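*Asks:* Each chain is listed here by its residues.
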Amino acid sequence: MSETSNIDIVKKGLGKRYRAEKRFRIYGICAIASSLIFLAFLFISIGSNGYTAFQQTFIRLTVHFDPEILGDTTNRESIASANFPSIVKQSLSMMFPEVTSRSDKRLLNALISSGASYNVRDIVIENPNCIGKTMQVWVPADDDVDMLIKGHINREAQEGERRLNDKQLGWIEQLEKDGNLKKRFNMTFFTAGDSREPELAGIWGAVSGSFFTMIVTLVLSFPIGVAAAIYLEEFAKKNRWTDIIEVNINNLAAVPSIVFGLLGLAVFLNFFGMPRSAPLVGGLVMTLMTLPVIIIASRAALKSVPPSIREAALGVGASQVQMVFHHVLPLALPGMLTGAIIGMARALGETAPLLMIGMVAFIVDIPSGFTDPSTALPVQIFLWADSPERGFLEKTSAAIMVLLTFLIAMNALAVILRKKFEKRW
Amino acid sequence: MDANMNPTMLLFTILLLSVMGFIMGRKRSYAVANQVGGMSNLHSRPTYYGSLTALWCAIPTLIIFSFWLLFESRIITDLVIATLPDQLQNLPADRLNLIVNDIRNMVNGNIVSSEPNPSMLAAAEHYRKLNSLSHASLTVIVIAVAIGAILVIQKTIHPKLRARNHVEQVIKYILIACSTIAIFTTIGIVLSVLYEAIRFFRIVPLSEFLTGLEWSPQMAIRADQVGSSGSFGVIPVFMGTMLISAIAMCVSVPIGLMSAIYLSEYANRTFRSVAKPLLEILAGIPTVVYGFFAALTVAPMIRNSGGVLGLDVSSESALAAGLVMGIMIIPFVSSLSDDVINAVPQSLRDGAYALGATQSETIRHVVIPAALPGIVGSVLLAVSRAIGETMIVVMAAGMSANLTLNPLKTVTTVTVQIVALLVGDQEFDSPKTLAAFALGLMLFVVTLILNVIALVVVRKYREQYE
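Sequence order for the protein chains is A and B. In terms of this note's numbering, the first sequence is residues 950 to 1374. In terms of this note's numbering, the second sequence is residues 2 to 467.
Here chain B stands alone, though its shape is the one from the complex (with noise of 0.2 Å):
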């Protein structure tokens, strides 16, 4: 091992020395009180005047640290890559990709998928180099920063400084740093499929991209290879969402809203107690272990029942992902109607029962077209989940796109194709890799789309009965 930390090691020093600022901000603090004639001449109590100097130890220090990480082998890349000899440099970029790796490998010590030459190895050994420079250097500066700043805060401790409010003001600092996470979260979902989007609507227009009709992504790899062109029609893959959701929706909608009904309506506390825990297990299950399901129990079934009626029902049907998919709804959609249901005021069931009508009637003419907006609402929700799921239809539903509303036929989803595309090697400016991203945009832009109705329709139905 090089003698340099490695950055576990360094984030425990930090939080070390960030311990030590703490208890010698205290003893500093204790120290000045005597100085002046005791405790009660002190502003703030003492563990405000340690906290302060760990805070001041500990944040500089973090964010030195992780800006560093985050950009150490990016620069270090660009380095390499610049001493690297000219025929490779000029290589295009995927290929100069591959020889990057190659030279990470090399550096991690991993088997290596090329012939190692030598000025690869240069590189290698360079790249080392510059990586033990990086963290070396780091160490360096982060533990001086650290001492620095413990120093500089032992300065100036003294009776009238103010600690508790510093430290309170930086705290809320904080706070209010860790909830604005959430927006740059979606900024960065949104800033990096929308690039990645637009440079493949630059090769592809948006026009043939929206309205083909053919989905095959796989590009020539000589000009002259016949068939498989590259064509980018997402109707077809759209469609097979469409249809694989619709499928989910026709098993969990019915299934989810009767069992919500039942438990809000007719169970007593018991029999609620205990079913309502057992459908949310249904909601916990990973979706990995659902898609194998469908893929080894389910598909082969219904293949085999097909067979018995004369079908022709493919291993990769619609059915099996979307019935599958279904029973994985089944629980969002109940419990969303329950809460829906119970949220309906009492006074209208009362009502309802004092003009004769029977449960069931006051449920289906009362209490449904009450909850309604709401219930549209937990559907809604449920669909874009079901457009969302990736696991059940990667393991059970097709990989080829064909345009067709029969269920028994293999059809193709977004997510599918998003994986396909992007699993194993990628190279990055192909209309292939970058067509994920499109299909992401797109998946995103609907799946917020059916958020922002189902939750504007809930709030105003909240609001209804408020």
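One chain only, chain A, in its complex shape (with noise of 0.2 Å):
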């Protein structure tokens, strides 16, 4: 009698336990649900804002050359200092030849990037049979125009609280209407430095600096850190000295990165004088800071290489240097490769450490060596971050979704590393 009752105890309980199992089970997929919700919820949200980034407004205009404006073009100095802007506003006043006052010729000519006369400029450099001539060349609106043909500028709204006046949105939109305006590609975001003009800023600049400071941090870490690793793994005899590397390794890793930014600028900068804000600096801070990844990769990936090669090796009569190059690191290298590339992809996303040694000054010229000023990529989407402007928004997110795409691209390639070398013993 007594056991049955027992049973009928477990039983009694065996919903209300099946619906806990049935909860928990429900917390579990929750869980990584809403991971992979923020995580979609990210993604939207910056390429809902920056995709517009990749177009830009542009407006007609029909300049003519007029070799009295521009005064003295024979030489390539000369064009350099012409009076360029003076043709500009001279195109569009004959655009808008009602537009008499003083104060509307600011308005009218507020609607064109002040980086428009440069554009005109360079296509005299390029040409400069054009002087004396009328051609139509297109040119960058300002940002507040170009915010108001993406819509980002509400023409509903009252004229004090938009950024553009009533006159300037009736010459918008004769300009439509008779499409002298448009929305092309923007290849100045892919091309220029930064700029304090949304319109004419690009990433290009920060682009080549990222590109420096990697190529500092893996000429340096990849061969040093396969080498730690070597020695580690192969050569060293398990005593306190190893013991103490190991450690150190450890921790390295896990070691905030602003306090390697402070590493830097105590050691590098101050004490060595190196140059601040330069490529060079911040890859050998880099470097410092991938190290331990690449070092912790590359002894997983000898590890994973089977003793009975190492013995094979010896066996034939290869010394102890001998097996490990020639038959454990070719084994081990996509191993080691695949750690790196996400040692790199980690370092090229890193901005805080970057933000120490100077690579946060605003640069407009483009970098073309390791010791030249410049920024990286993650460091100019927080410096435009940081802008009010309404233009450098979707810029921001534009350079996010570069980034990103950078970082993708890189992972897949370890992943595809990894599928295509990986040996199972």
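No wet-lab data here; the hints were simulated from the structure. Hints should not be assumed to be uniformly reliable.
What the hints assert, rightly or not - Pair by pair, the computed Cβ-Cβ distance ranges are:
1. B:His44 to A:Glu1260: 19 to 29 Å
2. A:Lys1116 to B:Val275: 37 to 47 Å
3. B:Phe185 to A:Arg1367: 45 to 55 Å
4. A:Leu1282 to B:Ile175: 10 to 20 Å
5. B:Leu211 to A:Glu1260: 31 to 41 Å
6. B:Leu211 to A:Val1364: 45 to 55 Å
None of these values were measured; they are calculated from a predicted model. Positions of the beta carbon are idealized from the N, C-alpha and C atoms, including for glycine.
Work from the hints to combine the two standalone chains into their complex.
*Replies:* Structure (structure tokens):
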């Protein structure tokens, strides 16, 4: 009798327990789903803010290259200092002859980017024969116009609450009607350096800065990391010294990145007097940061090579160094490369240490070497994110999209490498 | 351009010379072998004679090259300062720094901040001269050493030379040197942070730093200025860090842990192979992206929803930064706990099932308690990660150090303050700049302690089941 009652007790509780089981399962699914929703939300929010930056509003001007206004244009230097802004203003006022008062003219000129005169100048530099002729030129519109066309400025809003007043709105509508205003692919974004004007700002300077930084990082951290891993895995005897090195490497992997920035500031900049804002210093700091990642990955790759390979090499008379470099290393190299790529991807997205060593300055010029002042792509994102202008918002998101594309490509490469060369022994 | 080589060119020249050395050494070994009657009389294979030559050509020159470049600008700067007129030389260190920067900018042809005066122009000219002199002498020395090394080794190559053993010995030393870089990095971090921090504690006593309740590092420019006298009490900054980290952990620990449990205990192979990499994307996104997302999307969202509920939410609330940081940390918690849960022996689960426990009961009463040390370790690692995180808080948290536990208010963190104090022009003697290093030291020590505890706990736990 008592045994059946035990079963009854169990059975009575069974429904409740199964419900608890189900609930627990649902919690798990919810946890995963919520992180995936966060991920999707992040991508959608950045994508929807950023995709418009790949297009830019241009205005078509009928430019008359009047030699009288331009002045001397006989050689390159004089072209560079010729009066192109007036040429641009003149072609605008030819388009809108009804605008006469000074304040209105100023409003009208504000529709065109301040970089338009450089576009016109470049045409003359490329083709000096056009002096005296009349040509149609597409020049970038001001960022306020661009924002209006992309719908970020409400046309219906009160005049005082938008950055363009009613007159300017009327001119823009006329330009649109005549087909003189169009959205085109934004090449500037991919070819220009930083600028205070959103319509003239591009990521190329930051991308080159990141490129030089990554070159330094790769050239230093991969060989050093692999060498350190080989020593620790293949040659080092297990003693206190190697224990200290191991503990050190594990700790360095978890040190906050900004501390590496402090190290770079104190040692490389202040002690050695290296140049501020240089990709060389950025690369050195990133090397120290990436080394633990590469060492740990390389050691894992070396560990996965079976001992039979080593024994066979030693058996046919190879020395220990020959055994490692001729037989073990080639087999472990794909794994090491995967680790290196992942480490590089992390370094590419890193911002904080670069802020410490001054790679955060406003730099218009495109860096052309390892000691030129420059920024990096994530730092550029940080700088633009701080700008109050609406035009930089989409630029920031677009720069993030470019950065994420690089990172995804690098990680995909790592996955492909791993899949292709992964060996099961 | 000047006639002498720039460092990058010189580096390539060194590499070229080493390759030449390799070829010549190999050739030489063939020649000496033929003199004594064939290759079999050579101690090592010809490649090793080549490698020996290349190594002895490359290593000394690279060492000279890197040390020269490391100390070059420091020495030149000192020499240039020595030629400046007395009234410039006797300026305080920070003003002198500005002038040196201007001179450097003139040398590089950049825009300078001040009006160039004749003595500075002369100094810039002097700097340029010294610089090209230094590069020229470096070029000469490096090439001479390289060629000298090649010639000396050429002379010593003979069939009895144990080239392979030499090369292997050198390679081993190189490997050892590479593995010690980790130690030097740690020493470098400790020394650089400690040195500046000690200078800071000479001005602001340690007790005031650790127990002060007010943080406002802005020093008065004039002595009679009202307010802002500079107070360096770290408590509000540290509390802010803790508050944001706590919010982050409230998000990441439950979600990360439940994800790990589901992935390792319930999910089938296909689901796991899709969901795990997707979760890891979260860890691969740069923190600056999270910062932008927090400042642009999450913070306004929280403020608006707070407004609907009638709450006064700051636009740089701790909640926004903490929430986004929590999302970032989810994959750390989940992948580390996943490993730990997988390491729990199957026999423990089988035992629980045999007693009639359901799967969730097994997990809650057997697997999690068994894995607890490892989970604690991974949570500690995640906390250290949250404390050291910089970009999210720089972009989404505030600057003002409020001593509050209200997540809707603005707080500041250690990392935000380090960035705020060090970005831009710095004077290297003011307590304001040095305070950043004191904060850095604190950050380093706290994260180090957390990491060491976590590593010890995880290692102990692993040993338990091995």
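*Asks:* Hint by hint, say whether it matches the structure.
*Replies:* The hints, checked one at a time:
1. A hinted range of 19 to 29 Å for the beta carbons of histidine 44 of chain B and glutamate 1260 of chain A is consistent with their spacing of about 26 Å.
2. A hinted range of 37 to 47 Å is violated for the C-beta pair lysine 1116 of chain A and valine 275 of chain B, which are about 56 Å apart.
3. Checking the proposed 45 to 55 Å range against phenylalanine 185 of chain B and arginine 1367 of chain A shows it is violated: the Cβ atoms sit about 31 Å from each other.
4. Evaluation of the 10 to 20 Å hint for leucine 1282 of chain A and isoleucine 175 of chain B yields a pass: the beta carbon distance comes to about 18 Å.
5. The hint said 31 to 41 Å for the Cβ distance between leucine 211 of chain B and glutamate 1260 of chain A, and at roughly 57 Å that hint is violated.
6. Take leucine 211 of chain B and valine 1364 of chain A: their Cβ atoms lie about 47 Å apart, and the range 45 to 55 Å holds.
The structure fails to meet hints 2, 3 and 5 from the earlier list, while all remaining hints are met.
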